[in-house]
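There are 2 protein chains.
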Amino acid sequence: MKKSGNEVIIIGAGNVGTHLARQLDQQNYTIRGICSRSIQSARQLAKYYVCESWANPAIIPNDAQYYFICVNDEAIASVAEAMPSTNGLVMHTSGSTPLDVLSRFPNRGVFYPIQTFTKTHETDFSLVPICIEASNKKSLNTLKNLALQFSNNIIEADSIKRKYIHLSAIFASNFTNYMYVIAYDILTKQQLPFSILLPLILESFEKVTLMEPWQAQTGPAVRGDSFIIQEHLKMLSNNPDYQEIYRLLSEQIMKHKK
Amino acid sequence: MKKSGNEVIIIGAGNVGTHLARQLDQQNYTIRGICSRSIQSARQLAKYYVCESWANPAIIPNDAQYYFICVNDEAIASVAEAMPSTNGLVMHTSGSTPLDVLSRFPNRGVFYPIQTFTKTHETDFSLVPICIEASNKKSLNTLKNLALQFSNNIIEADSIKRKYIHLSAIFASNFTNYMYVIAYDILTKQQLPFSILLPLILESFEKVTLMEPWQAQTGPAVRGDSFIIQEHLKMLSNNPDYQEIYRLLSEQIMKHKK
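Protein chains in written order, with the working numbering: chain G, 2 to 259; chain C, 2 to 259.
Incorrect hints may have been included.
Note that identical chains are pooled: a pair holds if it fits in a single copy or bridges any two copies.
As the list claims (entries may be wrong) - Taking lysine to aspartate or glutamate and the EDC-like style, the derived pairs with C-alpha atoms no more than 20 Å apart in a straight line are: (1) Lys139 x Glu8; (2) Lys48 x Asp186; (3) Lys48 x Asp74; (4) Lys190 x Glu213; (5) Lys256 x Glu245; (6) Lys190 x Glu157; (7) Lys145 x Glu8.
Because the hints were derived from the structure by calculation, they are not lab data.
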């Protein structure tokens, strides 16, 4: 007889799989095993939870209660196809992949945390909104109870709505981070530390919690200060890529300003 | 006889002038008057400090100790030309304007706070790095002492270096804020609140305090997930401007990834 009805199998040992495993282990769940196409990654993560590890999704047990597919969007369909049939709740964690991709499982769902994960930084899940979707009422309830172990901010969203949330998250996080990459590059070339920008970056965050983004917009583009913009474009002439981003974003801010 | 050697005149009643006046008033400085080409703006700000207000820089007194020029970059030169001659320390607050623009004043300097200011949000100046530059040793010392009333993070930087700091600040703050504008637009069209992205935006800030920006980069572009990128470009087809930004930033992240 099984000791608990809370066994979880995690497929994918990247950023998301690593963070989910940690959080589930801290709650009342048993990590039954980790599957990763890189057996080294699977073993490394499995070591922490003293559980099994596999490289091939075809050989994972079919009697766990929860399956989290935490692989790249492009690999979700083939992983789902390779997995054994199961009555467990099979979930993927992708913002942009429809629920349908799991249609061969009677109990299927989506568990999409609106967050950016890196292995080296622990995330406080209690604040993270989680978008959920499921194939039937029973799965939705199970999924909701599961998600509530992580966070009180649960958003029911269908596959279309979730795709737009994911798209907006890319602008708000991945692309803003790339702006930091560029700022870092510019400062490093001048032998200046990136840390001089941190109070500014913090302030930009604080402002967006207090007002609509257009109200918070400052800078030469929204002021229409074309002289400074031309100067900056000249300063970037040795990096046509950064120059193109500067030009495009400045033009759009000027064009759309409210 | 003057009651103090700490009289300040502020030219410009916008975001920067408003914040400097507040901070100087809280320290041991007397706001002697506010000058703004809009006399209404000057009067409104002067009201708080029970001081004079002017619309024309030619008529401001010439015997104050400190003059802060807090006008748009394009207007600094003409304001400096219109002002009376003075032995006071005349400073501008611009990231991108050379010190030379104040060459008619024997004691001149630059006081550039690396921060984004909006009138409706109070700034904690103690954390704000301030870039300073001055025409002579005496002015530099005066300026340094003044800046230390605001912050312990004082950076001596010449006009060239300061321009690069300003350029990097535009990427790290103005352009990231524009990414929030776009995310806000996408979510609003789906009747979803922008607030669901705030934990993600906070995490992006926290990560950049802990690791280099490239180490923090996540998302479909850095993973090379071209299927998702194509999907997102389709979703943005009704907004060619946002589509162009998405395409350009994704291409560059893929091209430059480390």
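Earlier hints that do not hold, by number: 2, 3
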